[in-house]
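The hints should help you fit chain U onto chain H, whose structure is shown.
Residue numbers (the numbering used here), protein chains in the order written: chain H, 250 to 427; chain U, 4 to 204.
There may be inaccurate statements among the hints.
Derived DMTMM-like pairs (lysine to aspartate or glutamate); straight-line CA-CA distance at most 20 Å [what the hints assert, rightly or not]: (1) U:6 - U:56; (2) H:396 - H:277; (3) U:105 - U:52; (4) H:308 - H:298; (5) H:308 - H:277; (6) U:105 - U:83; (7) H:308 - H:322; (8) H:396 - U:94; (9) U:145 - H:258; (10) U:95 - H:355; (11) H:308 - H:328; (12) U:95 - H:397; (13) U:105 - U:56; (14) H:396 - H:369; (15) H:396 - U:115.
Listing some non-contacts, in silico: residues in chain H with all C-beta distances to chain U over 10 Å [claimed, not checked]: (16) 282; (17) 285; (18) 372; (19) 382; (20) 386.
Bear in mind the hints are in silico, worked out from the structure with no lab data behind them. As the structure is a prediction and not an experimental result, all values here were calculated from the model. The C-beta atom is built at its ideal place from N, Cα and C for all residues, glycine as well.
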Amino acid sequence: MTNTSIASDARLSRRGIEQLDLLLLTAEALDLNGGEAMLWTSHQLGLKEQFPNRVELWKRRCHNPLRRVTRREGLNPSDAESLIRLVCAMADRLYPMLHQLLSSREPVHLSRQRWGLVAERLGDLVEERLNQRRGAVLRLLDPAQNKDTHRQLVSTLALVAGPGGVDRLRARLLDPTP
Amino acid sequence: MLKTVHRYEQTAALLEVEGFPDLSSGQEGDTVGIVSGWRLQLVGAPELEGTRDHLEALMIAVMPYARHQLSGVRRRFGADDGFVAIAPSGDKHQLELRSSQKGVEPLQLSLDDAELSDLVRCLDRLRLDQRVPVSWNIPEEKPLTRRELVERIPFQQRFGPAVLGVVLLGFFSAGALLIPLPEQRSVDVPNTEARIESPES
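Next up, chain H with everything else stripped away, as it sits in the complex (with noise of 0.2 Å):
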C-alpha cells in the first residue's frame, strides 16, 4: 500500500501523458456515446469534483503533448491518478468489447469488420483532437503503420480492465524513455 501511494504521487513524463490520453481516446472510440459515458463513469468513481462536467475532463486531457489544444505544464499526479483509474474502470465496462477484438476464436471476416470499424472511428478522434503535424499524430493515422497501434492499445486496455489494472497501468505510464 505505501509503494502504491508512493507511485501514485510521481509525476507522468510527456510519453506516460501521452498514452493514457490515447487509451482515453481508444475508449471513446469503442463506445459510440463515450464522452458522456467518461464523465458517468468518473462520477461513479466519486470523481465529481475533480471532473464536475466534460469541460474540466477536457482540460486534464489537454495536457498530451499531441493535442491540437495542449497545455504546456505538467499533470497534475492526483489528475493523473484519476485519469488511470478512470481508464480501468472505462476498460472495465468496455471489456466484452475488447475481448471480442483480441480473440482469435471469433470468425475472421467479423474480427476484420470489427477492428475496421475501430480504426476509421478512432482516426475520426484523431484527426478532429490531435495535432495533425506532430510525425507521432501522421503515424497514427497512416494505415499501413497504425495496425500494431490500435491492437496494442486495444490490449493494454485489456490487461488494465478493473480495480486489479491500476497498479499495472500506473506502473507503465511511469516507464522511463529508453
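Same frame as chain H, now just chain U:
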C-alpha cells in the same frame, strides 16, 4: 468444518479457490485464510488443479508477464524447473505447467491475448478479494528499468544509426584523404627597407 469455495469468472476462464478460515487468526464465515486447492478452467483446455504453491507459482509467472506485455517487453517468466512458466510464442502466449508428480509430461497451453487477459483478470480478482486474505508472494507492479525497455528494441534499430554514423564518418574521412592538398607556393617578398625619416625641422 465445511470447505468454502470462491469463484472468479471472466468470459473464457473460471478460477475456483477452496479452503478454510484460519481460526488461529480469528477468521470465520466465508473467509479463506488457508487455501486447500484450486481449479482453473480455460475454454478449449483441460481443467487445471493444484495446491496453494501451484497457484502462487501461476501468479508469480503470469502477473509480471502481463506487466511486461504492457510495456512491449516480450520475455519468458517462470523458472525452468518451476511449476509454471509463460513465454511469448508468435502472437500467442505459451503457458507451461509442470506437475509435481514424477513422470508426468509438462502441459503446454497456447493462450491468445483475450484468454491471457481473462486469466489475468481472474487472478486480479483473487488477489484483491478481501474474503481471501492470503499474502501472495507476487512482485509489486513498478516501472521497468531503461535497460529492460531498450532490450525490446531490435538490435538493428538500436545500433543501426550509430553504426551508419561511424561508417559515413570513415567513408568521408577516407575520401578527404584522397583529395590532394593544394600546392604551397612560396611568394617572393621584395626586400624593401622601410625607412622612417624624421621630419625636417
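Looking at the structure, which of the earlier hints fail to hold?
none
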